[in-house]
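Dock chain B against chain A, hints included.
This is what each chain is made of:
2 protein chains.
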Amino acid sequence: MGGDPFAFLISQHERILSDLIAFASIPSVSADPAHRSDVEVAARWIAGHLATAGPFAVQILPSPGNPVVFAEWSGAPGAPSVLVYGHYDVQPPDPLDKWLSDPFRAVERSGRLHGRGVSDDKGPLLNPIAAARAVFATNSRLPVNVKFILEGEEEIGSPNLEAFIAENSALLAADFVISADGAMWRSSEPSLTIACRGLAALEIRVVGPRKDLHSGSCGGAVMNTLHAMAHLVDSLHTSDGRVAVEGFYDDVLDVPPAERAEISALPFDEPAYREELGVSELFGEPGFSTLERQWIRPTLDVNGMWGGYEGPGSKTVLPAEAGAKITCRLVPDQIPEDIIDKVVRHLLARPPHGVSIEVLPETHAARPYRIPSDHIGLRVAGSALEQVSGRKPIVVRNGGTIPVCEVFKRVMGMETVFFSFSTSDEDFHAPNEFIRISSLHDGLEAWVRYWKELAVVMR
Amino acid sequence: MGGDPFAFLISQHERILSDLIAFASIPSVSADPAHRSDVEVAARWIAGHLATAGPFAVQILPSPGNPVVFAEWSGAPGAPSVLVYGHYDVQPPDPLDKWLSDPFRAVERSGRLHGRGVSDDKGPLLNPIAAARAVFATNSRLPVNVKFILEGEEEIGSPNLEAFIAENSALLAADFVISADGAMWRSSEPSLTIACRGLAALEIRVVGPRKDLHSGSCGGAVMNTLHAMAHLVDSLHTSDGRVAVEGFYDDVLDVPPAERAEISALPFDEPAYREELGVSELFGEPGFSTLERQWIRPTLDVNGMWGGYEGPGSKTVLPAEAGAKITCRLVPDQIPEDIIDKVVRHLLARPPHGVSIEVLPETHAARPYRIPSDHIGLRVAGSALEQVSGRKPIVVRNGGTIPVCEVFKRVMGMETVFFSFSTSDEDFHAPNEFIRISSLHDGLEAWVRYWKELAVVMR
Numbered sequence: 001m002g003g004d005p006f007a008f009l010i011s012q013h014e015r016i017l018s019d020l021i022a023f024a025s026i027p028s029v030s031a032d033p034a035h036r037s038d039v040e041v042a043a044r045w046i047a048g049h050l051a052t053a054g055p056f057a058v059q060i061l062p063s064p065g066n067p068v069v070f071a072e073w074s075g076a077p078g079a080p081s082v083l084v085y086g087h088y089d090v091q092p093p094d095p096l097d098k099w100l101s102d103p104f105r106a107v108e109r110s111g112r113l114h115g116r117g118v119s120d121d122k123g124p125l126l127n128p129i130a131a132a133r134a135v136f137a138t139n140s141r142l143p144v145n146v147k148f149i150l151e152g153e154e155e156i157g158s159p160n161l162e163a164f165i166a167e168n169s170a171l172l173a174a175d176f177v178i179s180a181d182g183a184m185w186r187s188s189e190p191s192l193t194i195a196c197r198g199l200a201a202l203e204i205r206v207v208g209p210r211k212d213l214h215s216g217s218c219g220g221a222v223m224n225t226l227h228a229m230a231h232l233v234d235s236l237h238t239s240d241g242r243v244a245v246e247g248f249y250d251d252v253l254d255v256p257p258a259e260r261a262e263i264s265a266l267p268f269d270e271p272a273y274r275e276e277l278g279v280s281e282l283f284g285e286p287g288f289s290t291l292e293r294q295w296i297r298p299t300l301d302v303n304g305m306w307g308g309y310e311g312p313g314s315k316t317v318l319p320a321e322a323g324a325k326i327t328c329r330l331v332p333d334q335i336p337e338d339i340i341d342k343v344v345r346h347l348l349a350r351p352p353h354g355v356s357i358e359v360l361p362e363t364h365a366a367r368p369y370r371i372p373s374d375h376i377g378l379r380v381a382g383s384a385l386e387q388v389s390g391r392k393p394i395v396v397r398n399g400g401t402i403p404v405c406e407v408f409k410r411v412m413g414m415e416t417v418f419f420s421f422s423t424s425d426e427d428f429h430a431p432n433e434f435i436r437i438s439s440l441h442d443g444l445e446a447w448v449r450y451w452k453e454l455a456v457v458m459r
Numbered sequence: 460m461g462g463d464p465f466a467f468l469i470s471q472h473e474r475i476l477s478d479l480i481a482f483a484s485i486p487s488v489s490a491d492p493a494h495r496s497d498v499e500v501a502a503r504w505i506a507g508h509l510a511t512a513g514p515f516a517v518q519i520l521p522s523p524g525n526p527v528v529f530a531e532w533s534g535a536p537g538a539p540s541v542l543v544y545g546h547y548d549v550q551p552p553d554p555l556d557k558w559l560s561d562p563f564r565a566v567e568r569s570g571r572l573h574g575r576g577v578s579d580d581k582g583p584l585l586n587p588i589a590a591a592r593a594v595f596a597t598n599s600r601l602p603v604n605v606k607f608i609l610e611g612e613e614e615i616g617s618p619n620l621e622a623f624i625a626e627n628s629a630l631l632a633a634d635f636v637i638s639a640d641g642a643m644w645r646s647s648e649p650s651l652t653i654a655c656r657g658l659a660a661l662e663i664r665v666v667g668p669r670k671d672l673h674s675g676s677c678g679g680a681v682m683n684t685l686h687a688m689a690h691l692v693d694s695l696h697t698s699d700g701r702v703a704v705e706g707f708y709d710d711v712l713d714v715p716p717a718e719r720a721e722i723s724a725l726p727f728d729e730p731a732y733r734e735e736l737g738v739s740e741l742f743g744e745p746g747f748s749t750l751e752r753q754w755i756r757p758t759l760d761v762n763g764m765w766g767g768y769e770g771p772g773s774k775t776v777l778p779a780e781a782g783a784k785i786t787c788r789l790v791p792d793q794i795p796e797d798i799i800d801k802v803v804r805h806l807l808a809r810p811p812h813g814v815s816i817e818v819l820p821e822t823h824a825a826r827p828y829r830i831p832s833d834h835i836g837l838r839v840a841g842s843a844l845e846q847v848s849g850r851k852p853i854v855v856r857n858g859g860t861i862p863v864c865e866v867f868k869r870v871m872g873m874e875t876v877f878f879s880f881s882t883s884d885e886d887f888h889a890p891n892e893f894i895r896i897s898s899l900h901d902g903l904e905a906w907v908r909y910w911k912e913l914a915v916v917m918r
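For the protein sequence lines, the chains are A and B, in the order given.
All residue numbers for the first sequence refer to the working numbering, where the first residue is 1 and numbers rise by one.
All residue numbers for the second sequence refer to the working numbering, where the first residue is 460 and numbers rise by one.
Next comes chain A alone, as it looks inside the complex:
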């Protein structure tokens, strides 16, 4: 029955691009309270967008933080059901002066659409909605039951999502989750992501004199908070690149030799990667390859550090305070709270002379996740990718963090298949974020094929 959704999809190409440009014009920066109302606007925009794509029951559900957009179509009794996950919030656009165009007025340059959030996650998230629109338009029904859960706090670590999932598990129940967040490893070949790292975050302050001091009058006689901060930060790693925090690696599971062999067999051109990043040397934990360092080993990184005068010229102060933001990426079986405890203990064991260390409360935490390699949703995803690209996808991992997948597993027993059509080089979290427009189009077709094949193999 019905028309050809793939022909219809071609006719959608212009529309998905203009929809994405509109969606990306909303600065839904969840990290910045100043953008709170923009986040609400984005939630309403995507809810309205879902409602026009087909006969979905759409709800905007409150949370203690940003709302969750939920949609459901259950018109295929007996067919499998999937829960599509995505997020409508975006990273802050800083540093603004590095953008070649306005981060919130997405523009196309050479086959790429540039704008904050186009790749993470607004573009990939529009894919399944446009796919559903095409199938509804041509067949009046979807081959599987589809629910959507679109959150607005992914970029701040989904602090309220776990409680939301626990409270709404009946509403959310499905055979498994398909995440529109995540990314293809690279643009040259399709890939299936089987794991992501967890996250533990903390923010610290070194608090010194009650006010900034003149570095002439007082310099040399009082601990400089910046020197103390540098000492603390430097103490977190050994000079050869290991994390120096006691017990940091205690709970890291050994990855089986066979899996390490698979990673080392992947086509990875290290000199080209170095060139792409613009560094003269890659550097990290001894005993592991670059891909292993990114995928199967935990890290500790300072993401921001500040204190004193940063403006033009000079200002000779001993700053009253210095600050740093730290995140760790975690692998099985590390627990965020335990890692934070260990880092805090490490810092407090090194009290600088005469100044104090303060640790700010931080709820940004997520456990690592790994889907079983033989999961049916993963297998069908691979098949859909192969149909679209004509190539067998390679199996990779994601060094980043998608907090929700481990939560779906722990709270509801649902596994998550990553099925995103962004690519990891698209500068999400950096200036000039972009998405390849061709990937968006591939994604449309892949989602349709995924649902179609799933209905067959799971029947």
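Honestly, the hints are just simulated from the structure, not real lab data.
Hints may contain errors.
[Unchecked claim] Below, in silico cross-link-like pairs of lysine-lysine (DSS-like), each with a Cα-Cα straight-line distance of 25 Å or less:
| # | chain 1 | residue 1 | chain 2 | residue 2 |
| --- | --- | --- | --- | --- |
| 1 | A | LYS392 | A | LYS452 |
| 2 | A | LYS98 | B | LYS670 |
| 3 | B | LYS911 | B | LYS851 |
| 4 | B | LYS911 | A | LYS211 |
Frame of chain A, contents of chain B only:
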């Protein structure tokens, strides 16, 4: 002949306060190019002010940077001549959010006038002008010949003043210099400052990947520029507080035991000082007291350090670049250029893996200065202070830097007497800078007595 200048001075108290409020409302921040025109306005304001104080020949002389205001009255042939030094530029007001009132709308609170520059150096600099006005008004002439040199680049290290002095030495010639910049050591007793430290400044960057990277995708496999910066900064000191740069102390002259004994005999309440600063412990180079660390020992301090995300919430980046501003305070016979070379060599000898160190050109440099203890200008200054306060001034040093005094000495052979009525606790270079209004009034009388006695003892 003539009237009583001291009675006249009393009548000037309101006027000097309103003049200072007007002068301090001009945001003449030399460090910030955005304030360039304000610096010009301040130069014209003070030139106009000098012209109204008496029959001075006033000139605004160009320099490659900010103009120099020069004034001269030579109506006392045979009498000694002095060159009064001061500066009309001010420090940046950052951090603005720490000010209790607008930094550029000076307001009185509890006998103190609060505003950027009121203590450093606009208030002290108005003192000799108001003193001259009083003496001219009551006696038609000054007892000594007086010249003024008021510069606009002190807060950025007087980069153009040395060449200016060399080119204008005939114009500037005098028996010695009296500096209206500097500060009393404390408010509880008068003091004579006999030395100040020099300054060497540099700014560094750690330059890593060509753009900010996602700390999930890339974390663990690339040197984090903030880790590299922390390591470099931490390497600059030993854990016990010495500067770890090779050769840093090579040219430091030993201070004679008698002078160290004088310093240790000064009334200095270390617990009270700790309390005043708000630190639980003082800290610095082993083997030296707090006052020695501030006055006769060199230092290296980071005045600003930054990189990555500093905003609310978190942004998981590996920043492409990190920066730091560093200054050293120098003592005889350290040379700024030599110290910079040594610090740069130290840094470049520690190349971080895969990222590079850049050193930015920096002209902020000054040599240390010391006036001979038996200089007649110093002796008369002490006498004037004693007449005003009824107490014999104590002999102290200044941990800060007044670049011009060493230049006057080296280029023109003139010594400099520090004769300022600010106090070192008045938060210059910090939020809520203030000057004690009573100090301003004491200063008026002291300048008149200084010139008067100088005419007698040097005749």
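Evaluation of the provided hints:
The suggested pairing of A/LYS392 with A/LYS452 holds, with an alpha-carbon distance near 19 Å, which does not exceed 25 Å. Between A/LYS98 and B/LYS670, the direct Cα distance comes to roughly 9 Å. Compliance with the 25 Å bound is thereby established for this hinted pair. Straight-line distance between C-alpha atoms of B/LYS911 and B/LYS851 comes to about 19 Å, which keeps the hinted pair within the 25 Å bound. As the CA atoms of B/LYS911 and A/LYS211 are separated by approximately 41 Å, the hinted pair breaks the 25 Å bound.
Going down the numbered hints, you'll see the structure goes against just number 4.
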